[in-house]
Amino acid sequence: MTADLPPLRESLEAHGLLAKKSFGQHFLLDLNVTRKIVRLAGPFEGRAVIEVGPGPGGLTRAILESDAGRVTLVEKDRRFVPLLEELDAGDGRLTIVQADALKVDEAKLAEGPTHLVSNLPYNVGTALLIKWLTGPWTPCALTLMFQKEVAERIVADTDDDAYGRLAVISQAVAEARIVMHLPAAAFTPPPKVASAVVHLIPRADRPDRATLKRLETVTAAAFGQRRKMLRSSLKQLGGGALCEAAGIDPDARAETIDVAGFLRLAAALDR
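Add 622 to a position in the sequence shown, counting from 1, and you land on the number used in the numbering used here.
No lab work stands behind these hints: they were computed from the structure. Heads up, a few of these hints could be off.
Derived CB-CB ranges, DEER-like [to be verified]: (1) P735 / R831: 15 to 23 Å; (2) T717 / K658: 20 to 28 Å; (3) G869 / E687: 48 to 56 Å; (4) E667 / K857: 46 to 54 Å; (5) P665 / G869: 38 to 46 Å; (6) P665 / T717: 15 to 23 Å.
Computed list of lysine-lysine pairs in DSS-like fashion (alpha-carbon distance at most 30 Å, straight line) [what the hints assert, rightly or not]: (7) K770 / K835; (8) K770 / K814; (9) K770 / K725; (10) K658 / K770.
C-beta: ideal position from N, C-alpha, C; glycine also.
All chains should be built: construct the whole structure from the sequences, respecting the hints.
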């Protein structure tokens with residue numbers, strides 16, 4: 623299908639479209655790159671795919687070439703809807719939703735097990751990830767592009783400079799790894815930073831939503847004052863007594879506590 627379409631740059635020029643800085647847009651126009659991302663995300667084996675922030679549809683073209691089933695696009699910027707409609711082969715496989723992904727109910731868009739594959743807008747990437755990891759709807763896998771710094775925060779280990787709330791919450795819910803690095807030059811317009819693709823598979827034993835809420839509370843307090851000992855940073859939540867109930871050294875600092883330790887703190891908070 624994509625062989626019958628004009629090159630993306632020509633389509634953008636024909637529609638007079640430029641990236642909007644306010645939307646954090648940086649386009650991937652190289653189909654060799656987008657096809658590699660889709661290969662890393664798959665195989666889909668007929669399962670549905672949701673893509674957020676498709677923009678001109680570079681990644682969308684690669685998804686539609688794949689073994690994905692129904693493909694649903696969520697695009698906030700209405701300027702791109704006519705461009706995306708050109709990708710519709712008329713077979714009912716493609717659905718375009720013009721909406722803010724932060725407000726969308728993905729459960730209403732999904733058809734059975736669904737993959738999320740997206741080059742996320744930089745300004746809302748973290749917020750969207752937290753929504754998908756802690757919300758009521760769970761995708762079967764997420765393959766998402768972030769700024770390199772954010773990607774490193776998602777997969778960081780204890781004692782890494784990047785280890786913090788995002789690592790704890792992400793890794794409590796899913797197995798996460800960086801599967802691809804991209805230089806700024808791969809994008810149009812090029813951002814000021816490099817990017818990376820993170821592949822996440824939700825754990826079968828992921829914490830329930832109540833536990834995740836407590837985990838968010840504990841990590842916010844602990845990493846909000848990460849240079850302090852936990853007896854001090856968690857003082858409003860119980861301090862030393864909370865740590866002892868969770869089997870954690872009250873004199874330890876947040877960056878030394880692994881995900882399992884934070885889950886014990888979250889569990890102890892409910893006692």
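Under the criterion that the straight-line Cα-Cα distance not exceed 30 Å, is the pair K770, K725 satisfied?
holds (25 Å)
For the hint 48 to 56 Å, verify it against the beta carbon of G869 and that of E687.
At 51 Å between Cβs, range holds.
Quickly compare the C-alpha distance for K658 and K770 to 30 Å and report which way the hint goes.
Between K658 and K770 the Cα gap is close to 18 Å, so the pair holds against 30 Å.
Tell me if the beta carbons of T717 and K658 are separated by a distance inside 20 to 28 Å.
holds (25 Å)
Holds or violated: K770 with K814, Cα cutoff 30 Å?
holds (11 Å)
If you check the beta carbons of P665 and G869, does the distance land in 38 to 46 Å?
Cβ of P665 to Cβ of G869: about 42 Å, so the range 38 to 46 Å holds.
Assuming the hint says 15 to 23 Å, is it satisfied by the Cβ distance from P735 to R831 or not?
Since the Cβ atoms of P735 and R831 sit about 20 Å apart, the hinted range of 15 to 23 Å holds.
Starting from the range 15 to 23 Å, see whether the pair P665 and T717 falls in it by beta-carbon distance.
holds (21 Å)
Run the distance test for K770 versus K835: straight-line Cα separation, threshold 30 Å.
holds (27 Å)
Could you tell me whether the CB distance from E667 to K857 stays inside 46 to 54 Å?
With Cβ atoms ~50 Å apart, the hint holds.
When each numbered hint is compared with the structure, no violation occurs for any of them.
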